[in-house]
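**Q** Those sequence lines, one after another, are chains A and B.
Counting with the working numbering, you get residues 1 to 203 for the letters of the first sequence.
Counting with the working numbering, you get residues 204 to 539 for the letters of the second sequence.
These aren't lab readings, by the way, just hints derived from the structure by calculation.
Mixed in with the good hints there might be a few duds.
What the hints assert, rightly or not - Think about it this way: if two alpha-carbon atoms lie no more than 30 Å apart in a straight line, the pair counts; the simulated BS3-like pairs of lysine-lysine are:
1. Lys278/B with Lys23/A
2. Lys333/B with Lys23/A
3. Lys165/A with Lys531/B
4. Lys406/B with Lys23/A
5. Lys213/B with Lys333/B
6. Lys127/A with Lys77/A
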Amino acid sequence: MILPVMDFLPSESRRAVNAVRAKRRIALLGILLLVFSVGVSAHSWNSARNADSERAVGAMLVANAPGVDEILDGLAKEQSTLSRALRVTDGLMPAISASSVVATITNMLPEHVTLTGMRLETTDTPKQMIVVLNGMAATNKDLVEFEQKLAGTNAFRGVTVSENKVGEFMGKRVEDFTVSLQVPLCVQVCKPGTMRVAKAGVN
Amino acid sequence: MRHFQNILTKQTTAIAVDFAADALRCIAIEQAVDGTWTRRVAFELPPAPLDRSMDDSALREFSAKVSEAGLNGCKCRVTIASHLFRMDMAQLPSSMSENELAASARFEATDRFGMNAADVMIQHAPLFCKTAGRCALLLMAVPLLIIRNATQAVMAAGLSPCSIENAACAALHGAELRHDGFNTGLIAFMHIEPQQAVLLLMKDGQLQSVRAMQGDWAVAAPSTEVATNTNDNSLALEPVVSEGAWRWSSLAEETLRCMRQACVESNLPTRMLVTGAPSSDHELLETFKGVCGLESVSLNSAGWSTGAEKLTSDTWAAALGAASLDFKNISSARAA
């Protein structure tokens, strides 16, 4: 360079210029830091709010747990009924158990009628249970009452007094009888949970 | 937010503000890999007298222009019209240390210029000296008031001044970068401003002599401006309204006298390079050739840089020269 740079900027002016630039730089960095802090704070506050909401939902779920249990129990029962209906539909189990039939008949016995024998048979064609009852009745009237009760039950079909004769039991006159009836085992599932099942004692 | 622009980024543009006598100029240039200077911004505003604070309306306009150009917060170099400087040459013993030389130069300058040392900013630069045991110095002084006003105006406009230089010296830096042949032989360089022409003589790449010639050169130039210079040191021009080439005769004759004083008669410069508004005046170059007997060439500073809009006058040498000093720093910053 032919002529060196002759700089007339006084050192105090240079310092003042640099100080202004430094102040602006610091101010800018401060503003950036402030904006960053506000951003982080807003994010944290938002996260805390979300956490509170999730905790409230969790508490509500815990509070509603018994109701859920009830629903679960109900659903389990319904599932059991449906499973049973499916098994019945598939023919894996009888729609009406023999014990139910025995219990039903026993409950229907008039006061002066007693059973002396009972035979239960299940046939596949047609799918039904054949019940033959032997017993004694004090009077013919009692026997008729018993027969009418049996015949009036939806679950029983073909109630017939096949034998009726006068007998003696412990020195008293009794009516010995034999009654046969059929219990149809074909059930129809109308819709899940409302299986139409023939039950003893139910009209 | 304008105060925070360009604060955290590396500056890739060299910026200069020229407080010239005829205008306030601001230019932002970039240097391409092939050395081409590309103007990003260049604008001119009415002249800002630095003997007082810049008035508010001018400052607002300057600030708006800087802001519009997106230069807020950028560092810039400032040049001040040569007529605001006092300059002289001195010879001192070469045996002095740097500190002693600086102190002596300062003492010599205050003594010669008759200024209060506390009120001026004084700088010196070495000159080529033939006398054994002596060293020649260029002494320059400028009132601190001028410097403060310039600094305040630039800072108020949103720029950060990083140096203040004499316009003629800045123009020489630009010419040295844009034109070859400065390092060999005896060459004259003249920077013409409206109120002062500065003649710099260089020998083999070393500055040998500096002369400032005050005058109404704006009037001498083919323009409609009215002479306003009332300085007693101004050279008399007669008649100033002439269209003839000889209206430059005063400047040419004074230039010849300065060259004769600085050089041996038989060894005058053979070439003169001219910058400044009148440099595009063919009559000026012809006058120099006729009076001084040397080939005069206009450096055409308007063509030093390329840009969207062509610079209309040849008055950008100082601003371009000052800005070009930052290319090295910018390249280093880019490389980093």
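**Q** Of all the hints given earlier, name the ones this structure violates by number, lowest first.
**A** Hints 2, 3, 4 and 5 are the ones this structure does not satisfy, whereas the remaining hints hold.
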